[in-house]
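Number of protein chains: 2
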Amino acid sequence: MERAKKIREGDVRTASRLIRNIEDNIPETRQIIKDIFLHTGNAHVVGITGSPGAGKSTLVDGLIEWNRGIGKTVGVLAVDPTSPFTGGAILGDRIRMQRHAEDNGVFVRSMATRGSLGGLSKAVGEAIHVLDAMGKELIMVETVGAGQQEVQVMNYAHTIVLVLVPGMGDEIQVLKAGIMEIADIFVVNKADRDGTKKLQRELMAILDMSPNRSGQWRPPILTVESAFEPVKFRKGIEAVATTILGHHRYLFDNNVIGDCNRRRSRYELNDALVSCILDPILNQLIVDGEMDRMVDKLLQGETDPVTLAEEVAGKYLQITAD
Amino acid sequence: MERAKKIREGDVRTASRLIRNIEDNIPETRQIIKDIFLHTGNAHVVGITGSPGAGKSTLVDGLIEWNRGIGKTVGVLAVDPTSPFTGGAILGDRIRMQRHAEDNGVFVRSMATRGSLGGLSKAVGEAIHVLDAMGKELIMVETVGAGQQEVQVMNYAHTIVLVLVPGMGDEIQVLKAGIMEIADIFVVNKADRDGTKKLQRELMAILDMSPNRSGQWRPPILTVESAFEPVKFRKGIEAVATTILGHHRYLFDNNVIGDCNRRRSRYELNDALVSCILDPILNQLIVDGEMDRMVDKLLQGETDPVTLAEEVAGKYLQITAD
Chain A
1 MERAKKIREG DVRTASRLIR NIEDNIPETR QIIKDIFLHT GNAHVVGITG
51 SPGAGKSTLV DGLIEWNRGI GKTVGVLAVD PTSPFTGGAI LGDRIRMQRH
101 AEDNGVFVRS MATRGSLGGL SKAVGEAIHV LDAMGKELIM VETVGAGQQE
151 VQVMNYAHTI VLVLVPGMGD EIQVLKAGIM EIADIFVVNK ADRDGTKKLQ
201 RELMAILDMS PNRSGQWRPP ILTVESAFEP VKFRKGIEAV ATTILGHHRY
251 LFDNNVIGDC NRRRSRYELN DALVSCILDP ILNQLIVDGE MDRMVDKLLQ
301 GETDPVTLAE EVAGKYLQIT AD
Chain B
1 MERAKKIREG DVRTASRLIR NIEDNIPETR QIIKDIFLHT GNAHVVGITG
51 SPGAGKSTLV DGLIEWNRGI GKTVGVLAVD PTSPFTGGAI LGDRIRMQRH
101 AEDNGVFVRS MATRGSLGGL SKAVGEAIHV LDAMGKELIM VETVGAGQQE
151 VQVMNYAHTI VLVLVPGMGD EIQVLKAGIM EIADIFVVNK ADRDGTKKLQ
201 RELMAILDMS PNRSGQWRPP ILTVESAFEP VKFRKGIEAV ATTILGHHRY
251 LFDNNVIGDC NRRRSRYELN DALVSCILDP ILNQLIVDGE MDRMVDKLLQ
301 GETDPVTLAE EVAGKYLQIT AD
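Taken in order, these protein sequences are the chains called A and B. Just so we're aligned: 282 in the working numbering is position 282 of the first sequence, and the numbers increase by one with no gaps anywhere. Just so we're aligned: 23 in the working numbering is position 23 of the second sequence, and the numbers increase by one with no gaps anywhere.
These aren't lab readings, by the way, just hints derived from the structure by calculation. Do not rely on the hints blindly, as some may be mistaken.
You can't tell identical chains apart in this list, so a pair holds if it fits in one copy or across any two.
With a straight-line cut-off of 30 Å between C-alpha atoms, the simulated BS3-like cross-links for lysine-lysine are [said to hold, decoys possible]:
#1 Lys34 to Lys6
#2 Lys232 to Lys72
#3 Lys34 to Lys297
#4 Lys297 to Lys6
#5 Lys297 to Lys5
No experiment lies behind these values; they were computed from the predicted model shown.
Please build the complete structure, drawing on both the sequences and the hints.
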């Protein structure tokens with residue numbers, strides 16, 4: 001309870017250590033997650049996604065500044081391996097990020113894609129609770145939108161912002177594969193580049209074709225000029241920041257916040273079930289040496305993986321699969 | 001057994017239907033997978049990975065042609081949402097792909113990132129068995145290397161080819177996040193572009209820093225000129241094709257094929273365990289309405305996900321977690 005209390009008081013060291021333990025999937029974290037859980041649910045969780053090089057971090061950096069300007073506390077989880085927040089980018093970017101380090105109202109953490117099988121998704125979900133319990137009002141989760149787990153992470157967000165840049169031919173194609181359908185706000189970043197108009201038209205056409213949007217929130221397409229144009233950049237950031245706030249208000253005004261929270265809880269429960277059901281069995285199989293024996297059988301062509309897995313299920317499960 | 005026999009005879013319609021059923025996770029596929037499993041293990045499985053726009057499909061197309069030229073049968077699984085094989089790319093590319101449609105020695109299928117929790121990885125693993133049982137000697141799996149599941153898919157490959165293009169600043173950064181360490185062959189594609197030398201130098205530097213390569217296979221860095229230079233392109237493709245063969249031979253000559261197959265079996269077993277243990281429990285919870293009741297409790301702040309998941313584990317599992 002002591003540590004949970006420290007987190008609720010916003011203690012940065014305790015929170016950092018807890019998030020690291022969550023990443024490493026250390027069993028002792030469970031009790032603290034339980035303790036803080038009932039003090040969560042207040043933050044607005046915003047997913048920021050887009051291809052590497054789309055300028056997500058610069059945008060996030062601008063959004064931190066704007067929100068601090070209106071007095072909001074901000075938490076950031078960077079899951080993108082190219083993000084300067086995670087230390088993946090060039091030196092200049094990293095130095096730029098340092099400027100929030102002194103500000104107690106900002107807490108930035110990077111998370112790596114370690115572990116397997118939904119491990120990232122579960123870890124990010126729990127880290128969001130930590131930031132929420134710390135009292136961060138706006139929590140931004142930055143991630144590349146390419147892989148399935150990265151898309152899954154977005155299920156924890158109330159508002160999903162998709163960041164695009166003009167002049168990347170294949171990009172729209174990639175995005176069609178999943179993120180496109182769930183984005184609430186489109187941002188065309190570096191909009192002083194060639195191809196901005198074309199990209200806007202393409203996005204508009206895709207939105208027009210989308211069947212499920214009628215009567216609902218229609219995702220706006222915003223533009224942000226690159227950071228080399230400070231005044232225009234700031235205007236662009238302001239538009240994005242206020243639209244994010246607007247989407248949050250929309251969720252409440254139209255009674256869709258309930259559906260949104262239900263979906264988030266469901267995903268979180270799913271992740272917890274993997275962790276509490278599958279992981280103990282896998283651990284047991286490894287400890288018993290059973291895993292190695294099964295692999296031997298496969299290599300000798302004695303049997304197949306599904307037959308083996310069914311045997312394991314028969315041994316450990318108290319229900320029978322249909 | 002009838003359908004397993006048809007697949008072993010190379011029947012395209014039966015194989016296509018089976019792969020579709022695998023994607024949709026239809027329970028009846030299990031028996032066929034079992035039936036064909038003992039007739040697999042003959043193919044050389046090659047993973048082709050790299051960012052969208054790196055030209056993976058053009059390379060795969062060239063490799064199909066080269067291998068058909070030496071009489072090898074070829075199977076391709078395209079998991080990349082931007083691949084022309086999956087129908088994600090521009091018209092010209094798609095037409096180019098059609099030319100293999102008449103050739104019985106080539107079987108190309110695309111697979112989508114449907115389902116969740118290792119679903120893609122499991123589906124691709126099983127589809128590889130289908131192509132293997134059909135008698136395809138070389139099986140290429142094309143995927144973008146960004147997400148965790150896409151990286152997981154590579155665990156099924158004997159040989160991993162990483163395709164890069166010059167002039168994409170952030171790319172190397174992304175790749176550091178996982179694929180870089182496991183690639184066996186680097187291909188700098190579109191090597192008539194600016195920045196090829198720079199990219200080669202960077203790759204070389206990364207390989208030199210890599211600690212685990214001494215005494216082992218050192219990944220060669222090959223270049224392929226763009227397809228607009230047909231003669232040079234073909235020479236580049238030939239070098240890639242023979243290096244892929246060379247890596248396969250290396251695995252046998254140095255007795256590492258055993259380790260490689262062990263790793264592949266282990267991943268496959270893991271995927272099967274998820275499918276046979278977790279899926280039945282989730283289904284049961286949904287059918288009983290228990291899932292909805294649990295989500296209600298979460299939304300009302302009565303309890304937390306881990307506590308609920310532990311209760312489910314206590315009910316369905318015959319072991320207790322430590």
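Ascending list of hint numbers which this structure does not respect: Failing hints: none at all.
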